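Protein chains in written order, with this note's numbering: chain A, 3 to 348; chain B, 3 to 348; chain C, 3 to 348; chain D, 3 to 348.
Among the hints, erroneous ones may be present.
Identical copies go unnamed one by one, so any copy, or any two together, can satisfy a pair.
Cross-link-like lysine-lysine pairs, in silico, BS3-like; alpha carbons within 27 Å at most [unchecked claim]:
#1 Lys59 - Lys286
#2 Lys71 - Lys59
#3 Lys232 - Lys309
#4 Lys315 - Lys59
#5 Lys238 - Lys286
#6 Lys339 - Lys59
#7 Lys309 - Lys238
#8 Lys59 - Lys238
#9 Lys214 - Lys309
#10 Lys232 - Lys286
#11 Lys339 - Lys214
#12 Lys286 - Lys315
#13 Lys232 - Lys71
#14 Lys339 - Lys315
#15 Lys214 - Lys232
#16 Lys286 - Lys71
#17 Lys339 - Lys238
Read the hints as simulated data drawn from the structure, not as lab findings. Quick caveat: nothing in here was measured; it's all calculated off a predicted structure.
Protein chains: 4
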Amino acid sequence: MRAVVIHAPHDLRVEEFAAGEENIGPRDVRVRIAAGGICGSDLHYFNHGGFGTVRIKEPMVLGHEIAGKVVDVGSAVGAVTAGMRVAVNPSQPCNDCEYCHEGMRNQCVNMRFLGSAMRFPHVQGGFRQSLTVDAAQIVPIPDNMTMAEAAMAEPLSVCLHAARRAGSLMGKRVLVTGCGPIGALMVLVAAHAGAADIVVTDISDFPLSLAKRIGASRTINVATEPDGLKDYAAGKGTVHVLFEASGHQSALTGALAAIRPGGIIVQLGLGGDVTLPINTLVAKEIELRGTFRFDPEFALAVELMSKGLIDVKPLITQSLHFDQANEAFQTAGDRSKAMKVQLSFA
Amino acid sequence: MRAVVIHAPHDLRVEEFAAGEENIGPRDVRVRIAAGGICGSDLHYFNHGGFGTVRIKEPMVLGHEIAGKVVDVGSAVGAVTAGMRVAVNPSQPCNDCEYCHEGMRNQCVNMRFLGSAMRFPHVQGGFRQSLTVDAAQIVPIPDNMTMAEAAMAEPLSVCLHAARRAGSLMGKRVLVTGCGPIGALMVLVAAHAGAADIVVTDISDFPLSLAKRIGASRTINVATEPDGLKDYAAGKGTVHVLFEASGHQSALTGALAAIRPGGIIVQLGLGGDVTLPINTLVAKEIELRGTFRFDPEFALAVELMSKGLIDVKPLITQSLHFDQANEAFQTAGDRSKAMKVQLSFA
Amino acid sequence: MRAVVIHAPHDLRVEEFAAGEENIGPRDVRVRIAAGGICGSDLHYFNHGGFGTVRIKEPMVLGHEIAGKVVDVGSAVGAVTAGMRVAVNPSQPCNDCEYCHEGMRNQCVNMRFLGSAMRFPHVQGGFRQSLTVDAAQIVPIPDNMTMAEAAMAEPLSVCLHAARRAGSLMGKRVLVTGCGPIGALMVLVAAHAGAADIVVTDISDFPLSLAKRIGASRTINVATEPDGLKDYAAGKGTVHVLFEASGHQSALTGALAAIRPGGIIVQLGLGGDVTLPINTLVAKEIELRGTFRFDPEFALAVELMSKGLIDVKPLITQSLHFDQANEAFQTAGDRSKAMKVQLSFA
Amino acid sequence: MRAVVIHAPHDLRVEEFAAGEENIGPRDVRVRIAAGGICGSDLHYFNHGGFGTVRIKEPMVLGHEIAGKVVDVGSAVGAVTAGMRVAVNPSQPCNDCEYCHEGMRNQCVNMRFLGSAMRFPHVQGGFRQSLTVDAAQIVPIPDNMTMAEAAMAEPLSVCLHAARRAGSLMGKRVLVTGCGPIGALMVLVAAHAGAADIVVTDISDFPLSLAKRIGASRTINVATEPDGLKDYAAGKGTVHVLFEASGHQSALTGALAAIRPGGIIVQLGLGGDVTLPINTLVAKEIELRGTFRFDPEFALAVELMSKGLIDVKPLITQSLHFDQANEAFQTAGDRSKAMKVQLSFA
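Next comes chain A alone, as it looks inside the complex (with noise of 0.2 Å):
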């Protein structure tokens, strides 16, 4: 079969894959893949060869934000038939250490995760023809819903699992800082979590105009304005929850201001070395919460796509065919006009 390989930095190949595959486990399913979504994750090996300490030791396949159709069911799998359309989660966890047995399977610590370089060998990805999973890892998709929005559940699972770090949105005033496709997918969910207000800043017009289209109640260019978000530091500050999405620290440290005493922050944004005025978390009594992946939440992203109560489809803005990765690997860098782009495997 075919696949997207990263053999180093902006050396990305297009080429025969033997994943060793060949023989299915009994509980394993094969999948024809359809959809893959270019993540922020896959840019960084394809621009840097990776971020912080994960960084590529051998070639590996990209991609992780996938969809296709069953082709080959192992004997002990029930309930999945070949044709089947499902959403593939990328995350393998093993259920069997501290964290899956605590709940906490996202930090499981011998997870497999497609397309990582975290471990070594690393976990080959899914930008390819054919992907053999366990059984666990797929999700059946109705009629209704498409490939590329399939492809859409696993940054929307990101997403949800944040919100769920948050508490309860419902009434809150939410800033989301940084409108990648994980910021646009956390104004999307702070939307159907029922927040109050919904603001949003970047230093790019096109991600804020989507912003505003998918539901924002108002969208800031700190480039051109700055002081954008004085109008929410009133007394204390009026932000109940901020989606940190960009990774930078001009954003986290710009938006202290507007925060409320008891405020919570949820950071989404990866970065390098961030330096916070620690008093003005002291005496606010913020709360600073990382978040990292999903779990449960996968599954319900495609419920939430599937009874349209999330509509993720003004996010794809571009589709290219996986011969074309290249193109669409830059094309995903270009943020005046891409917010997701998708390659298709047809």
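Put chains B, C and D on the given structure of chain A with help from the hints.
Here is chains B, C and D on its own, set in the frame of chain A:
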């Protein structure tokens, strides 16, 4: 009356002070002060004239950890009689702002806090022979409690509030970084709250030896044993809750590897900017929570001491007559021999 | 002025009422009432003279779901002007008891609540031409909100508070038992808060048809389809949160099999004694939580309606002039055609 | 081997038992049992043949509070050696159902629990000379812990789980109704978790005298002092958390007036139907929470006992050789002299 007044950094005077409180209001109570503890913020005023943007702009009586005897009672005050021995709560919230309405009285926008330069004119403090306060600010103490213990109610309240910010500590591994009076009181509170393990770090041996005496499972001098926390960094980390009481960046960042996924950092220590590796916080879903002052915890502090459930006496290392305030402040800054230094006003 | 006064069960009179409010206090506001909704407790006074131990012991003006126009403003009130259109919050907590201090103002021990016989003398209610309240009790409404909607702020607040008692509803399966005005408003609130599924039961078709219209995923008439909840009892049950709004034991016990382990029951409905199979509650670790009135949710109710995030209009099924109060009360008790019946005071 | 087998109510036999465990599996551990505690559910099988719908349908070895010495270790088990002294966790969740995935392993739909008739064939219990369990079920104990203490790990776990269901107890007033072994262990746990006040009620003096000895602030025999809880019913009530461990309706309803608004009832006691005045629960916003078994608390129970943080020894009032099982069960039912009765298997 005479009072301990800060005029400028290192210009602390014991001098006549006219409080202008000749006429006691109907809801007021006049207290003859007996004991007063020197707090870290008092030391900041003494050494630096304040902290952050809070600066002394006029002479100010210091002191907010105080206890004494009721000498006069306003006409509308019930259940208080002259002669009562009381701890004095230095905070006076307005009861009618949005934060007071929500049960966050410690965040009251109109807070009057004894001996604080946050407002101007400053709220004069309690290191003086006599003080008139609202009747809601006093908590009677039983005969078996000394004035010195009663004057510990305030810093103990700070730590009880910090503990509440962490949620239940029962059965948890707790780390306390920075073993000044607040760190040491956190040890007492964590022990009382049922922590299974209490690890304490500092860079000075004297406070660590005290911590050991009052319930720490293990103490680590990170100046001489910089890798001491490594034992707790097994797997993804093993510490459930960190109470950061030093205000030093190195304490916070040095502890991150030891904190378990989902672990909580309660930040008590004030300092300047702190630089954090945000990816660690994100990937382990750590929560960093500010904590500030207290509210219902003041009465609870008195209750727990009076029932013998928390014994603060080992932490009161020196007591000097208020005439020797300058010497007392010098001593309070000497971490090789002082934990909590108090003034007596007998 | 004229008012709607209950004298005894079924003795409801529209008559002259001297409020004794000729002199407006400095913090008061006088409101000319425009609309008032009939609540279940009003019906209890009308039909039974009260509920439980709460009984009318003197003639009492009914009504606590009211809105109107400001006609006079006390000297110390800022930011309010004559002519303002306002929703009136019927609750006036003292701000200074232990519950007010803790942010549980709905539990205030000195609460004054309009049109309630809990205290004696009773607190006279709002079904009258003019009412003087504390300025803190009014919430201005925008031009796009009708007085009828504003008069729904109170019952909507009750439901917003109940939702908060349940924690986040996002992605949850919610069951509402009993579809009177409170149950129906719970449907609106659960939908707004992002519930993935909203099942509603009642014994009458009319309210269920309304529930369907405003967002219920499924409605079940348990009079004609007594086993309708069986579909949700698969495994150990699938319902995350039950809002019990009927006050009937059969509704509560009939739903237990459908509730998931760890599930939450928020009890809104009042009734008499309820007999529960305690072993089921224990073995499934179900939580049964009472919910009572509201506090900050009143302003939120106005905000959510004014932003179009919650639309209560379909629930206002009848509006009659207050001269026809008796007919209005009769209608309000007829579940085959009435959801919320309001009085107009134009 | 020989075992303690229940055949029918009051037909308890010490007899030969063929476990069919000759071949130890690779992940198994064989334990020679040393001590076993008689639980309330064992007594139910003995006296009534079961409880609720759970009934013995075939002879069943009783017992799930057990400890012993490892005698054989499966080939794939690491870190366990013959000779190890261990507490045996009677619960074996599947790790792969929805509840296991969510960290609610105590709610596992495929749970195998030693000595329980919930499934058929029944899961044979631990009152026998030798028992083979999954290696995940054993927790090594230190030399300073007796087998008798180790056999208390199970009921202590139940109480640690109940405490977690209540949230932090630090500084709270706790009421325990029903002072059998579970009620008494709740006193120990509440004391360890920092409760400020622990009130215990029962209808028998012997257990109350034990409760007093181990940390209760006050004990009330409600048979002779039926109004004893009135002191705690001041205002709207003063008890923060009630642990209901009697299973009797009168205990629950008799305590309601003493429970504070927002107070929590954790229901441990099993019984039949319980009739509650639902209006009280609603108006005071009380939360009634079921609690069932335990999961991570088992290892914690061993840890807390081994560190001397909880001392269960005063509660073990009798220990008899398992040949005298019938006498031991008779004694266990005599509340005038027995708290926890154990069997020894030496």
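We went through each hint and held it up to the structure:
no.	hint	verdict
1	Lys59 - Lys286	between (44 Å within a copy, 24 Å between copies)
2	Lys71 - Lys59	neither (31 Å within a copy, 48 Å between copies)
3	Lys232 - Lys309	between (38 Å within a copy, 22 Å between copies)
4	Lys315 - Lys59	neither (35 Å within a copy, 57 Å between copies)
5	Lys238 - Lys286	within (8 Å within a copy, 30 Å between copies)
6	Lys339 - Lys59	neither (32 Å within a copy, 54 Å between copies)
7	Lys309 - Lys238	between (39 Å within a copy, 24 Å between copies)
8	Lys59 - Lys238	between (48 Å within a copy, 23 Å between copies)
9	Lys214 - Lys309	both (23 Å within a copy, 16 Å between copies)
10	Lys232 - Lys286	within (17 Å within a copy, 32 Å between copies)
11	Lys339 - Lys214	within (15 Å within a copy, 41 Å between copies)
12	Lys286 - Lys315	neither (38 Å within a copy, 31 Å between copies)
13	Lys232 - Lys71	neither (49 Å within a copy, 33 Å between copies)
14	Lys339 - Lys315	within (15 Å within a copy, 41 Å between copies)
15	Lys214 - Lys232	within (20 Å within a copy, 42 Å between copies)
16	Lys286 - Lys71	neither (50 Å within a copy, 34 Å between copies)
17	Lys339 - Lys238	neither (37 Å within a copy, 40 Å between copies)
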